Amino acid sequence: MQLPSPRGVLSSHLIDVLAGNARLQPSTLGNAVRTAMVSDDPIADEDVQLSLWVLYELHYRGFDGVDDRWEWEPHLLKARRELEECFEAELRRRARPHVTNAAMAEGDLPERLFGLVDDFGGPSITSYLQREATADQFKEMLVHRSIYQLKEADPHSWAIPRLPDLAKVPLVELQYDEYGAGRPERQHAKLFADGLEACGLDREYGAYLDQVPGSTLALSNAMSLFGLHRRLRGAAMGHLAALEATSSLPCRKYVGGVRRLGLPEEVAVYFDEHVEADAVHEQVAARDICGTLVAQEPHLAEDVFFGAAVCLIMDAILAEHLLGCWQGGQSSLRPTTTADEAVA
Amino acid sequence: MTRLPLAGDLGFTVEQTDEIDVRPCAHGPVLVRGATSVRDADGEDHPVTRPVVAVCACGKSQRGPWCDGTHKVIPRGR
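As you go down the protein sequences, you meet chains P and W in turn. Using the working numbering, the first residue of the first sequence is number 1, and each one after it goes up by one. Using the working numbering, the first residue of the second sequence is number 1, and each one after it goes up by one.
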């Protein structure tokens, strides 16, 4: 995957350094971080979210021509920590009412977690995609989702070594299913890539990085934030539970949209698999993972709700962006510089 | 070969073995681990391809015996 195009002072400096075009200067980097953090809304800030995404990606697949040693470079980690503090504070601010309600609700932890999901409300694109979206709009949705789905399950895998055994075992059980249950051709990320390719889209990891807005990157960054911090293991698992619990029914509607539009069968296969898989995963995640984690570490309950709320909040932000653009007759993707990079 | 019923009167069963673990979820499906197949009321065996499966307990799944989330959109308290 190529390094992306910069979106501001910070990503510009970071990308120059990683590409070997500039030397890392702590004072320059520090100034660039402070400039980026002046933003009112770190979730919507393109420079902040792209910078975070690039820094996190050093832990995942890396970039062409970028030395893997940058992953643990202390100055980059310091910059990332400052961005994360700002990002996490905003996420906690937005999640607070949902966390408070869930913490005060009746019932065991899984019930309260499912209750948080059911009570969330917020805009949703599922019915629009099922009944009204054009083929181009459906494909734009796939482009936004490709940022996460092409590494589906990886951000939650970070939590495996951080959990007590009774929660670790069901997490591995769930992830084993995500990774194809022993069959590489059934790995969920691969099924998604097959769907992209069948639609004439690019199946390569990171292909659409430049075209998605910061809020789409933020959706992925929140998962990485939770997964890469032991401190946030409760949030990582709450996020997973909410992700799974908001999949099965919507995926049925997406299959309906695929059939209505006559999109390739490979796309239906992806969503169809998720109707069945996520009906299992939501129960395992809420009960066997989150339930047992909080039974052993009760102080993590609020973070579990926090992670779940963040999942829903980020989905709602994406939905609002997509619906706003599409109802205005516009593309939801960033303008590209060359015609052949645009969605067909 | 003893068969273990799942979810009341829907007719889904699994072969009872030492490996089988059955966990009903409140207001939801029955989680089954260790099965190789689940048999429906018509006697058809559905192969298990996941480490854990969710067997429909509400009777309204369109993908029986597997849960497809329909229980979430039907009123509770049958």
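No lab work stands behind these hints: they were computed from the structure. Here the structure is a predicted model, which means the values were calculated and not measured. Where hints are given, some of them may not hold.
[Stated by the list, open to error] Computed spacing ranges between beta-carbons, pair by pair:
hint, chain 1, residue 1, chain 2, residue 2, range
1, W, 59, P, 92, 39 to 45 Å
2, W, 23, P, 69, 44 to 50 Å
3, W, 63, P, 165, 31 to 37 Å
4, W, 5, P, 92, 45 to 51 Å
5, P, 67, W, 15, 29 to 35 Å
Cβ coordinates follow ideal geometry from the N, Cα and C atoms, glycine included.
Evaluated hints:
1. Between residue 59(W) and residue 92(P), the C-beta spacing of about 42 Å keeps the proposed range 39 to 45 Å intact.
2. The supplied range of 44 to 50 Å is met by residue 23(W) and residue 69(P), whose beta-carbon atoms lie about 46 Å from each other.
3. At roughly 33 Å, the beta-carbon separation of residue 63(W) and residue 165(P) lies within the given 31 to 37 Å, and the hint holds.
4. Range check, residue 5(W) to residue 92(P): Cβ separation about 47 Å, and the 45 to 51 Å hint holds.
5. At about 55 Å, the beta-carbon gap between residue 67(P) and residue 15(W) misses the expected band of 29 to 35 Å.
When held up to the earlier numbered hints, the structure conflicts with hint 5 and nothing else.
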